[in-house]
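> Residue-level listing of the chains:
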Amino acid sequence: MISVKSHRSVKHLLLALTGSIFVGETLVMLFIAQLPPLSEWREALLDSTLLLALTFPALYLLVFRPLRMQLTRTKQAEAMQHEVLDRFQKIASQVPGIVFQFQMRPDGSSCLPYANEGLLKIYRINPEHVREDASYVFTAVHPDDLKNHLASIQVSAQNLTPWVQEYRLKFGDEPDFWLFGNALPQRLADGSTLWHGFITDITERKQTENELLAATGKLQEHQHELEMQHEELCRTHHALGESRNRFVDLFDFAPIGYLTLTDRGLITEINLTGAALLGGDRNQLKQRDIGSFIFLAPKDYEQWWQGTLSTLKQQDKLSCEQAIKRDDGTVFQARMDCQLRETSTAPIIHVSFIDITERKQAKAELQIAAIAFESQEGMVITDINNVIVKVNQAFMRITGYSSEELINRKMKLLKSGRHDAEFYATMWNSLIHTGTWQGEIWNRLKNGEVHPQFVTITAVKNSDGEVINYVANYTDITERKVIEEKVNQLAFYDSLTQLPNRVLLADRMHQTLAHCSRNREIAAICMLDLDGFKQVNDTLGHAAGDQLLCDVAQRLQECIREEDTAARFGGDEFALLLGGFTKVSECEQTLERIVATIAAPYQIFGQIAHISASIGVTLFPEDCSDPDLLLRHADQVMYEVKQASKNGYQLFNAVHAKRAQTTQDFYKKIGEALAKGQFELYYQPLVDCRQGKVVGAEALVRWNHPILGLLAPAEFIPVIERDDMIIALGEWTLQEALQQLVACHEAGFDIRISVNISARQLRNNEFPQRLKALLAGYDAEIVERLEIEIVETAALEDVIVGGNAIRKCRAMGVRVALDDFGTGFSSLAHLKHLAADALKIDLSFISGMLTTNGDMAIVEGVIGLAASFRLQVIAEGVEQVDQVLMLLELGCDVMQGYGLARPMPAKQLHSWLAEFIPDPLWSLSASHLTSRDYFELLQAEANHRYWTERVLTNLDDPRDRTTPESLLDYRQCRFGQWYYDEGASHFHSLSEFHALDEVHQNVHRTAARLLEHHRSGMAVEADAAKAQLQTLQQQMLSLLHRLRVMLADELLK
Amino acid sequence: MADYDLIVWNDTLVTGIDKIDEQHQILVNLFNEANTKLTVNNSAEFLEQITRDLLSYALYHFEAEEGLMQKYGYTEDKVEDVATHIQQHRSFSTKVVAVRNDIKAGILISREELLAFLNGWLINHILNTDKRLAAFLLVSEQYRG
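Going down the list, the sequences are from chains A and B.
Position 388 of the first sequence, counted from 1, bears residue number 388 in my numbering, the numbering being contiguous throughout.
Count along the second sequence from 1, add 10000, and you get the number used in my numbering.
Looking at chain B on its own, in the form it has when it is part of the complex (with noise of 0.2 Å):
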């Protein structure tokens, strides 16, 4: 099953810092895996698993990169771009955590639903939000020193 294609790590994804990339790479694979194990019907224990490794993931990915932007000072000159990048990150986790607690309830979310949120999170957050963190690295002396 998998209704949404496979993301295949490409050009396009990287973002030019290795350790971010890296981490990247698991995501998609975390997706890609969810894509193919996901059925229209899950156990909740997998559903559970699944958005446990989504949660551990997150927590690590996210502390890697609120880390950079507070090193390189990120979060002193791009503000708005930090709130918006630590909203996402919060939002993330807190959609993670929603889902497991209708799981907990018998809610299981469904497959398209969780493909759905992982995708347009991922790709946005990938594209988007991690290129402008990543670019402003990139060009950070500090950072490149």
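With the rest of the complex left out, here is chain A (with noise of 0.2 Å):
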């Protein structure tokens, strides 16, 4: 009989039939239920374990030989838990059949240390009875089966094949037991062989086998079955094998720890993970107790146990974070889900359980920014493409939106277009270089209002250092502004109106040029000055002036967009700065309606009051882009419309600006010149023609151009005489004419020479110091000579200014003279208050006066009023000797043009002194013979020069079509008129007289067909015409001329 030698033997042979199977199930099933679900593998296991379950007796029979490669692998299951050893020792008891450990000594001694109850039922003797001697076992073989039964053994225990056979037991009469056992050898160190088996009664099958002997093929019909049943389990099996290796290994590895606890508290299993978690090897740390793990006072620790357990009983499941020490002294924060399982012996718990000290940490952290978060200051966190995120209470207040309106909207939904792209850019390459940036940003509220707002923008890193979002935090500095505004306020605004100043409008204009220019939009710089403002002033107060530019400054703003600027520029002057228009017309409403604006009538103070505008613009970018100049362009055309109409505006021109460029240059030039030396003074004498000596001399400057040659004053003098280079020039001329009055007088020259002075040098305020200054070298004799000459119209520009600076010239010694007298119609009121020493008439008069009454008028006019005023009076543009002898006869003696002398050099002047011989027709009048016989044939002549003139010059202009007076009435003209009658009175006796007739006749046929030939064209004829028209005029004045000298002659003998 075979005798059961060890507990821990029969725990082998259990484990051996079954542990490869059921354990590997048990196991399995056991974390299949602990974690997720994995459906269609689950599915599978337990569709196989039914199938087992149900093809067990087959399974008995087929599965033996493939379980034995189980049987050896599965001896690590040694470390499996009571409870599955209970279940198998019950299974096994359960087994139909036995199970059997069988050993056989060196000796040839056998025993059986284990069997179990099934040793009873089929060979009828105890288990107990055979497990040091299995001896009797032999005893119940059938006697014909016997030999081979030993022998069967014999090879299995030589050769260690596994011991397979069908033998029959014998119990006295009864019939034979058919049994089928099935064993595997094993080596034992003392020599002897153990075999682990099972052996089943299968009379009832041999039975059958008789019985169905007939059936035969079907049976083995139905072994082929069973036998592909049994494949399909093997591979069934394998699989199941590999599934549960990989649980295995995912229990092991899984990133949870798992343990098993005992009721007690003592670790039964755990994980490679928990091992980990724990500090400690795997192997050592079971059964040890998990008090010693949890970080509690011992007397805390059995209370936290009881209740832990109380609460899994009543519930099955628990979680709960705990402080786990680790034996090392390390203290982590673990969260463990804990699970009571009920078994057949004590309870075992079943707890997972992960590390959350960081995760606690950084819900610590969360918590501390979530308060952080809402603090006062504005706070708002986007994601990478500025996307709102998440915003805080004080940042919906600050932008009055609320989270809803504000969260999954981009950032620049608060965009107030105050910043240019330089600014973002700016602002997006310190986040991206250094992470965050700081300063100021105007944003648009919800109201609409544009605020100043402190920020600061962090971007938020992963640990990768990808920037994952922008943390944004605002405080809004209003407050802040208002007080920096009202200090920038008496900076950069102006205190009476209160607009911005000069400083405030520059920087404006950076922002709104760059703004534009970025939009393609136009602006308009504008400059502004008032047109009759000092009159309000004067008349009303600098009071009323005050308000009435504060009146204006409202108009101003009321007419301009937000955006734009007024500014004041002191007294009357404004400046604008508009934006945003997109085409010129647009700017020119605007400015129509500020001009009107302006213009509409103003009450002051109870007075009704009128001013108007002149505004000069320029645009952007048309013009330029440098402020400074734009604001220079807009004045010079303010200046413009100051000068030409007032009340209105004008655009700058670039084609303008070029003129103003090269009148600048022009300056230049003259400068240049003057520097060089290309100005030379000329001298024309004056004459006196009464006393037939010369008095005088003025200065003419004349500019030896290197290119254009010698200029005469009048072609470059106006465009000079606005500029301080006229001062400059005036200046010269009289250092020079006081040399030339020097030379004059060491040559015996008792002359004066007269120097013209512009008017802008006559009122600059340093003019009689300089010419103080100018004189300090030179005796009286000389600056008595020197005689200065201010045109009649710029001494009337402004008579107190005028009138105070020849004084000031007289104190100092020197004449001063009104030149071109009779073009500004002084008054006699001014002419008193002018105080000049003399007056030269107009040459324009001379010319005139002796075929135009009017001039005659005039120069008798002048003077006359001279001689009342006990002033010199000059004649200029002198040309012709009658002229001289009716303004000796008019009592104009000093004279002055090309009729006595053309300009000259300085080294001419002193050879034409020298030579100097009055004309001896001069005496006429200075001998008091003047007849009235010889003016009016004078007159004659100049009236038929005069005439003949006219007819030429007309030919030369195509659009006058008016006839001279009496072309073809030789009757009509003023010469014959006087030549039929006065002349036929005095002259009748003369032939030389009668002679006229004739060629005055001929004179105006010739004109008539002259005029004739040239209208229609007619060159050649007309050319012909033209030559004898000039002709028969020399005959003519040739006989005039005889006819004066015949005249003459009588009167001086």
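Below, a list of computed lysine to aspartate or glutamate pairs in the EDC-like style, where the Cα atoms sit at most 20 Å apart:
id : chain 1 : residue 1 : chain 2 : residue 2
1  : B       : 10019     : A       : 665
2  : B       : 10104     : A       : 721
3  : B       : 10104     : A       : 797
4  : A       : 642       : B       : 10048
5  : A       : 646       : B       : 10033
6  : B       : 10095     : A       : 949
7  : B       : 10037     : A       : 640
8  : A       : 658       : B       : 10022
9  : A       : 658       : B       : 10033
10 : A       : 658       : B       : 10021
11 : A       : 642       : B       : 10045
12 : A       : 676       : B       : 10063
13 : B       : 10104     : A       : 798
14 : A       : 646       : B       : 10048
15 : A       : 646       : B       : 10045
16 : A       : 668       : B       : 10063
17 : A       : 642       : B       : 10033
18 : B       : 10104     : A       : 855
19 : A       : 658       : B       : 10063
What the simulated footprint calls covered on chain B by chain A, stretch by stretch (three residues with Cβ under 8 Å from a Cβ of chain A suffice, anywhere in the stretch; the number is not a length):
id : segment
20 : 10021-10029
21 : 10063-10075
22 : 10097-10108
Reference excerpt, derived from the structure (chain A facing chain B, CB under 7 Å, subset only):
id : residue
23 : 655
24 : 658
25 : 659
26 : 662
27 : 663
28 : 666
29 : 707
30 : 708
31 : 714
32 : 715
33 : 718
34 : 719
35 : 823
If you're looking for bench data, these hints aren't it; they were derived computationally from the structure.
Where is the CB? At the ideal position from N, CA and C, for every residue including glycine.
Hey, can you piece these two chains together into the complex? The hints should help.
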């Protein structure tokens, strides 16, 4: 009989039988229950388990061989739980057959260290009785089978091949019992052989075999089927093994610690992760009290453990967080999920646990962050696309938006438009490179207001250094700005009107120009000057003036957009900066509105005041982008408006600017010419024709232009007379003239030299001192010979200033003459105030005096005026002797003109002075032998010359269709009237006079012919007639001249 | 008031010499301004201003042109053309000075007369006289160099 050797052996045997399947299955099932569902896998396992149970008998027969392989492999199942073992024992006891261990010693004796209850049932012997000595079991073997039976055991022992045999038992007269045995031998250290195996009663099968002998084929078929199923089962089993391995790996390496506890808190199982978490070796941790890890005082732990147990008993599951202290003293926070599982013996507790220290810290930090987030300062979190993810209450308060209106919107919702692309580029650049940015941003709030905020933006990066969010912190600095602005107000605003001043405008210009440039808009830069403001100030007082300026400021602001700027530069000068135009016409509309608004009447202290605005405008980008230059251009145009019509605006014109530029260049050229000595004084003598002597010379400036040649003052003086260059030239002229005076004086010529002084120089405050300085080096007798000529119209521009300057000059001993007199319509009062020494009759009157009655009247008038004011009178532009005689007759003795002498260079002047001989004709007047006849003759000659000249002049003017008076009627021209009336009565006795008749008539005929040819385009004929006319005129003039000489001879006799 | 057409700067007026063209544009602008601003009754002040501008610009322009003539040998090559050209310059100045003297004497040149003079002079001068100079300059190797 086989005897059971030890409890351990029994366990081995049981495991050998079913461990390979059931341990695996149970473990798997256990963890399937614990782990997340893996539905398909789990299904397959369940199915195969069911199949196993259902086909157990077949399995019993057919699976044994493959199981042997499992048998060895599952030795490791030593580590299996009690519950499992219990189950196995029970199952083993229920197995319908003998499960056994059979040992055969080297001496041939044998024993059964273990056998289940089946032994008693089949061999009819208690397993206890064969535990030490198995010889009894062989007695029960059928005598016919015993030899084979023993031999098969011997073979198995010898070759260590599995023992498989069908044999019979014989109990007395009872029918034979058929058994089937199967066992796996192993050699033990002492040389004995130990079999593990089982034996089943196959009597019934044998009987059935005999009974169904006829159906053998069918049976074989069935067997084949069974074999097929067996193969299937093998495959399933193999898959099962693999799954099990995988689950074992999963169990060990899962990121969660798993352990099982007894109800006393002893660790029975723990996976590798769990062991790592607890900081110990897996094997050493087994049987450790969990209490040694729970970071609680022993008393508290006891309470905790009991509480945990009782909770688990009530509700199976429990989750808790608990600090765990490792053996090395380190502590971590664990989250534990416990589950109680009742077993037949003691309940076990499955625990899964993880380290939540970091999570816990993160959570704590999050709470802190959440509190910090809701601070007084506005905070907003965006994703990397600038989409708002989260805002705090303060941010909502600042912006006026609710969180719903902000979340998922882009930050540009708040964009005010005040910042340019460069601003944002700088911001992003800083964010990218330093991860942060700080600065002021103007944001547009929900109510449309634009407020300044101080913003700190921080990029939030993940552990890989990638930006995942931006956090912006907003502080509303409106209040700070208000204070700043109050300070700014003082520096940047005009205190009277509160408009920006020049400084602030300059700043705004930069912004506006940049904005317009970005948006391709037009900006207008305007300078505005009030017309008639001075009058209001003068008549209503300064307070009224100030009020008016404030009213203007307000009107200006009402005319422009909020983004535009109206500034006051001081006085009645304003500037406007208007942007946002897309067309020039839009700008013009605005300007028209402004002009009209400013021109509307004002109510100032109960009085009505009228002013208007002159506005100069230049446009960006058409003009340029330099703010200073733009303002200068606007100012330039404003001045033009002021000069022209006032009450309006004018746009700056680049060509105009170019013109102004060339004018500036021209001034520069004059300066250079002065420095290079290109100017030269020419002198035109002044002759006292009554006395027949030279009394002076007028210094006239000439420009020896290197390219254009000699230029007369009329060609260039007008160009510079509004620039200070005229003063420089004037001073040079004075110096030169003074030196010439010295030279003349030294040469013994007692003459005065007169110099032309411009209005600008006269009005210059420094002029008297400058003149004094210039005169300082000269004797009085030189100074008193210097005469200053001031154009009458210039002196009249400001009578008071002009008069004062004249008096100052005279006080220095310098004579002053009013030049071009008669053109300025001086009143007697003015003349008195201007207090000059002399009047120079303008040459236009002198040249016309013999032919035009009006001119003669003016000449007579000026001469009379001078006499009554005891001023010297000088005639300019005297060309002919008859003018000389006429002027002498009228009482003007001193004369100047081509008829006497042309202007000449200084070096010629002296020789001219030395050689001067007065015209004897002048003495006609001087000798008081004047004759009415003589002057009539003079006038007749002049009249004829004038008539002829008109005919010829008109030829060159294609549009002059007027016919010279009495072209065809020779009696109707002024000469004709004289000839046939007064002339005939005085000169009828002279043959020369009669000869004139034919020539004069011929002149008229020729003139008529000439005009006719000319008008009909007959150029050749016209030219011939013209030549004839000129010849006839010469004839006539020489006849008249002869008459005059005859008359003079008679008079001089 | 513009009974004379405003001269619109166009290709036919271009001589090809940048400096000259630029100055011509300004002369044309002066003419156009006179054309738009002159009325039947102009103040002496305004006429003085216009004639002053004309004088100023004429001097500037003539100097430039005559400078070019001297510099690039036009004066030696085209004696007759040069004489005509310079004569036109002088007559322009003389006319303007005369107009100014008249203004001083109270004789105000009429709008019609002034515009006729300017228009005639400008067109003739630019289209004929100056184009001859330009043609000379444009083939002058010295100038092109």
